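Q: Each protein sequence line maps, in turn, to chains H and P. At position 29 of the first sequence (counting the first as 1) the number is 28 in numbering that gives the first Met the number 0, and the numbers step up by one without a gap. At position 69 of the second sequence (counting the first as 1) the number is 68 in numbering that gives the first Met the number 0, and the numbers step up by one without a gap.
No lab work stands behind these hints: they were computed from the structure. Incorrect hints may have been included.
[Said to hold, decoys possible] Simulated restraints, written as ranges between beta carbons of each label pair: (1) Arg271(P) / Leu671(H): 39 to 47 Å; (2) Val270(P) / Leu668(H): 36 to 44 Å; (3) Pro201(P) / Leu671(H): 39 to 47 Å; (4) Leu61(H) / Gln135(P): 45 to 53 Å; (5) Pro201(P) / Leu61(H): 43 to 51 Å; (6) Gln252(P) / Leu61(H): 22 to 30 Å; (7) Gln252(P) / Ser632(H): 53 to 61 Å; (8) Leu668(H) / Ala299(P): 41 to 49 Å.
A quick note: this is a predicted structure, and the numbers were derived from the prediction, not measured. Note that the Cβ used here is the ideal one computed from N, Cα and C, for glycine as well.
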Amino acid sequence: MSLSLLSPLALALGAMVALPVLAHMARQVPRDRRAFGAMLLLQRVVKRLKRRRRIKDPLLLLLRALAVLLLALAAAGPVLSTPDGVPEFGGSGRVVVVLDRSMSMGAVSSGATLLQQARDDARALVEGLPDGVSLGLVVYDSDAMALTTELTPDRGRVAAAIEAVQPSYGTSNLRAGLLEARRLLGGEPGEVVLFSDEAGPRQIADATSELEALLELGSAVVPRTVRAEPARNVAILSARYGDGLEGGQVTVRLMNYGPDPIELPCEVTLPDGASIPIFADLPPAGPAEERITIPSEAQGGVGRVSCEDPDLPADDARFFHLPRVGASRVLVVDGDPGDTPIRSEVYFLERALAPWGGLKSGVTIDVTSPVGLLELEPETHRVVFLANVADPRPFGPRLTEFVRRGGSVVITGGDNVTAERYNAALSSVLPARIRQSRAVADRDEEGVPADLPDTSDGLFAPFRRGGRNGFPRVRTHTLLTLEPFDEGDDISVLLRWSNGMPALIERKVGSGRVLLWTSTLDLGWGNLPLQSVFMPLMQRMVGYLGGEAGSGALRVDAVVGQQVAVPLPDLAMDPRVLGPDGEAVRSRIDGQRVLFTPPAPGAYQLAIPSAPPLAWVAANPPPEESDVRAYDSVVAAERQIAPDLLTRDIDLARPAWLFGLVLVAAQALVSLRQGVPT
Amino acid sequence: MYDAEVLARVRHLHLRARTLTDALLMGEHRSRRVGQAVEFADYQEYLPGMDLRGLDWRVWGRTDRFVIKRFETETELPCTVVLDLSGDLGTGDRASRSLPALEGSKAGFAIVLAATLLYFLHRHGEPVGLEVVAGQGIPHASLPPRGGRNHLQLLFMLLASVRPGGRAGLREALARVGSRLRRRSWVAVVSDGMEEPSEWLPALAAFAKRGADLRFFHVYDPTEWKLDFDQPALFFSPEGGEELAVDPGGAQQAFAEVVEEYVDEVRGGVVRFGGRYLPVPTHLSLDAVIRAAVLDDTRALAEAVGR
Numbered sequence: 000m001s002l003s004l005l006s007p008l009a010l011a012l013g014a015m016v017a018l019p020v021l022a023h024m025a026r027q028v029p030r031d032r033r034a035f036g037a038m039l040l041l042q043r044v045v046k047r048l049k050r051r052r053r054i055k056d057p058l059l060l061l062l063r064a065l066a067v068l069l070l071a072l073a074a075a076g077p078v079l080s081t082p083d084g085v086p087e088f089g090g091s092g093r094v095v096v097v098l099d100r101s102m103s104m105g106a107v108s109s110g111a112t113l114l115q116q117a118r119d120d121a122r123a124l125v126e127g128l129p130d131g132v133s134l135g136l137v138v139y140d141s142d143a144m145a146l147t148t149e150l151t152p153d154r155g156r157v158a159a160a161i162e163a164v165q166p167s168y169g170t171s172n173l174r175a176g177l178l179e180a181r182r183l184l185g186g187e188p189g190e191v192v193l194f195s196d197e198a199g200p201r202q203i204a205d206a207t208s209e210l211e212a213l214l215e216l217g218s219a220v221v222p223r224t225v226r227a228e229p230a231r232n233v234a235i236l237s238a239r240y241g242d243g244l245e246g247g248q249v250t251v252r253l254m255n256y257g258p259d260p261i262e263l264p265c266e267v268t269l270p271d272g273a274s275i276p277i278f279a280d281l282p283p284a285g286p287a288e289e290r291i292t293i294p295s296e297a298q299g300g301v302g303r304v305s306c307e308d309p310d311l312p313a314d315d316a317r318f319f320h321l322p323r324v325g326a327s328r329v330l331v332v333d334g335d336p337g338d339t340p341i342r343s344e345v346y347f348l349e350r351a352l353a354p355w356g357g358l359k360s361g362v363t364i365d366v367t368s369p370v371g372l373l374e375l376e377p378e379t380h381r382v383v384f385l386a387n388v389a390d391p392r393p394f395g396p397r398l399t400e401f402v403r404r405g406g407s408v409v410i411t412g413g414d415n416v417t418a419e420r421y422n423a424a425l426s427s428v429l430p431a432r433i434r435q436s437r438a439v440a441d442r443d444e445e446g447v448p449a450d451l452p453d454t455s456d457g458l459f460a461p462f463r464r465g466g467r468n469g470f471p472r473v474r475t476h477t478l479l480t481l482e483p484f485d486e487g488d489d490i491s492v493l494l495r496w497s498n499g500m501p502a503l504i505e506r507k508v509g510s511g512r513v514l515l516w517t518s519t520l521d522l523g524w525g526n527l528p529l530q531s532v533f534m535p536l537m538q539r540m541v542g543y544l545g546g547e548a549g550s551g552a553l554r555v556d557a558v559v560g561q562q563v564a565v566p567l568p569d570l571a572m573d574p575r576v577l578g579p580d581g582e583a584v585r586s587r588i589d590g591q592r593v594l595f596t597p598p599a600p601g602a603y604q605l606a607i608p609s610a611p612p613l614a615w616v617a618a619n620p621p622p623e624e625s626d627v628r629a630y631d632s633v634v635a636a637e638r639q640i641a642p643d644l645l646t647r648d649i650d651l652a653r654p655a656w657l658f659g660l661v662l663v664a665a666q667a668l669v670s671l672r673q674g675v676p677t
Numbered sequence: 000m001y002d003a004e005v006l007a008r009v010r011h012l013h014l015r016a017r018t019l020t021d022a023l024l025m026g027e028h029r030s031r032r033v034g035q036a037v038e039f040a041d042y043q044e045y046l047p048g049m050d051l052r053g054l055d056w057r058v059w060g061r062t063d064r065f066v067i068k069r070f071e072t073e074t075e076l077p078c079t080v081v082l083d084l085s086g087d088l089g090t091g092d093r094a095s096r097s098l099p100a101l102e103g104s105k106a107g108f109a110i111v112l113a114a115t116l117l118y119f120l121h122r123h124g125e126p127v128g129l130e131v132v133a134g135q136g137i138p139h140a141s142l143p144p145r146g147g148r149n150h151l152q153l154l155f156m157l158l159a160s161v162r163p164g165g166r167a168g169l170r171e172a173l174a175r176v177g178s179r180l181r182r183r184s185w186v187a188v189v190s191d192g193m194e195e196p197s198e199w200l201p202a203l204a205a206f207a208k209r210g211a212d213l214r215f216f217h218v219y220d221p222t223e224w225k226l227d228f229d230q231p232a233l234f235f236s237p238e239g240g241e242e243l244a245v246d247p248g249g250a251q252q253a254f255a256e257v258v259e260e261y262v263d264e265v266r267g268g269v270v271r272f273g274g275r276y277l278p279v280p281t282h283l284s285l286d287a288v289i290r291a292a293v294l295d296d297t298r299a300l301a302e303a304v305g306r
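Using the sequences and the hints given, assemble the complete structure.
A: Here is the structure:
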């Protein structure tokens, strides 16, 4: 904002301000003296008037000084230039219409989406242009696309193209849109008419350089903003499943971008179709978090959270991954049913993992014979206990595949375990090759105790709070000895016996893990089932392997409109990407990855024929588009780039004359009403 | 020792007073002595030396006791005129630094009023006295009530000689006069009252205490009380004090409000101490003033001056 004067010399008139000041100070001290017999009364009057004068005197001086100053200023012809001008459209003959079709333009205002309103405005503008004007059309979301290859005088064609523009789930890449517009202008000046909601914290800021380039080119960028006032929207920012020994819960984070508090009915739909209604209570312009408890048994896959928000329907649903949850996820392969409970691993595992039955604990145990392993599915069972199984060779490949796809296996020792068979069948998943079983103490002795475990993280982390000292009471008199192996990122010894031999070894294989317990889970070789750490250790083992190791399918999050790469577990596979509707989505294989771009929100799966999905992809709209509030404006950015370009001149002379004369009259009035001169 | 001007003023005063008094008394039966009516008051035990003419023989006959009958007898009514001739009285129309004009000036008006009152009361046979508050050019400021033509002549001489000046000091002056009054006196205070009323009004208590019949003649110049002047001027009091530069045009409204409050204050004070308040603007006919004073018709006077 700046003030300029057409006749600066006239300001010298301002010196006249001294006149009223002097007049005020030297105001009439009357020359006449008059003897007065009622001075008592006059003194009272003066006292009364002085009270008024204390206000009137400075006021009078101020009025007179202001009057002279204003009149002098008016004579100087003041002009105020303010940077609040707006770019005006028309006259160049070269016009590029840039249309924002990003997701935020799907916001509904006055019964129509912003994109519909923008299309109508743009079409009206195009149709109203005079003949001979060259036109171009650019649409943009995450990318920009010129719908006319070059400027054309065919207004009908451009209007039809505008009418055909459809909304997308893309982000607002204004910079790309302006770049495309500049390309259409071909380095010549012109006018870029931008139809956008200018929403989002970064849209304008990221386009500043391109705005600058256009302005340097001599082009005008004329924004035609379409916006809902006030901007409102409720978005689901995230939905995430948190695992636990029991059913677990989905944490949904919502955001209200509107200025008013709002209550919304929402719904969580699980992969098996079950729905859980919730009610979200959102503060104005603030977030909220809702936690939804998942049933103790739920099918794995991709779930959906949706809310009934009328303002921007595109972001009213969010898809999230849900692993297989709940009971029956532990499969115990009983290799030695045993004739008494104390010789049965199943007996002790059932009491440790499901002491009240599967419904209450969230973990129930399916017990099977080794034959049952022929049907092994990570989405169904997440942890498999091989309890003293004699010969794993018939199901070795399937168990290996189960582990690669995210399943977990716990292998325990026992009299039936034979090193050769295990090493042969499970060589690619065993943490270490088994050498033999060896007695380290007599059966009637107490046996070798276990060491204290490392509770800094991992499997034993929960025992940091208590129970760690119980491990040295775990003893064994027989154990599996192992061939030498190297510990590394994939293989690690989690617990040792006091004689230095490994007690529990972990190996990560693909998406799964394998634990090898070198003693038994019954009382055959040791006393573990009778120790206080047994139950929490088994519970923790299931949670650790089943919850944290993930499940069978790979789970990938994606953003609609953005390419996603899904790693392939086996190059021999020929997977297809299936969309939410079950139809194939265009994809390509790039090395060990499958690449595709989800066109809409939903659950995508990387599928191979007659097999469970290799991967689940939860595609959601870009969260930044949910923020429909305007943070900046193109006009403000233009003013910042070229302050001289957008100014508005205000002639202040007339109001100065008027106000000055009013002040002259006011001071005269006040002066007349003044009774006591000094 | 009086110069010719003073003597002429005495004659003038005498003439004015007599004219006004005659007009007032026209048709009325005059008695030389006023108040011969006898009214029984009470008895008193006879003591040796008492006048035996007052013995009540009937009581002696019935009770064999000597008692003296006592009477309240209206005889002479000592009348005192307190004339304020402070400097402020010397302002207003026809003001003069020397002897004030008897016609039209504030001081002259007060002097003629005092003279008329004195003459009227003298004609009624009352002893009259004069207390001049402030004033200049007179040898005596206080002449207590007496009868006789010579005394009246002396009073007139005093009135003819005095000119306004000095500060009244109403509080002290009224207290002094009040303390010297005989009981059941008639007192007329002729003053402009231009001192802080809250200070001097309480001095009227001395009059009330002695049962004086008080008349307060509030003399003022209507031009002054309307602040009816054309040009701004430095206003000052002859009695001294601060000079005030005032534009009368802008102050008239506030001045009228102040006058109103001031009159109410003085009237209230006078009435509170048992007196009668008589506003006396200098343009008013003295005839009406004297009539109101003598006939106790203060309401007619107030209506006449609009206060």
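Q: Now tell me if each hint is right for this structure.
A: Each hint, compared with the structure:
Arg271(P) and Leu671(H) have their C-beta atoms about 41 Å apart, which keeps the hinted 39 to 47 Å range intact. The hinted window of 36 to 44 Å between Val270(P) and Leu668(H) holds, with their beta carbons roughly 43 Å apart. Range check, Pro201(P) to Leu671(H): about 42 Å between beta-carbon atoms, so the 39 to 47 Å window is met. At about 50 Å, the CB distance of Leu61(H) to Gln135(P) agrees with the hint of 45 to 53 Å.
A C-beta distance of roughly 47 Å is found between Pro201(P) and Leu61(H), which places it inside the suggested range of 43 to 51 Å. The beta-carbon spacing between Gln252(P) and Leu61(H), approximately 25 Å, falls within the hinted interval of 22 to 30 Å. The hinted range of 53 to 61 Å is satisfied by Gln252(P) and Ser632(H), whose Cβ atoms lie roughly 59 Å apart. Take Leu668(H) and Ala299(P): their Cβ atoms lie about 44 Å apart, and the range 41 to 49 Å holds.
Of the hints listed earlier, there is not a single one the structure fails to meet.
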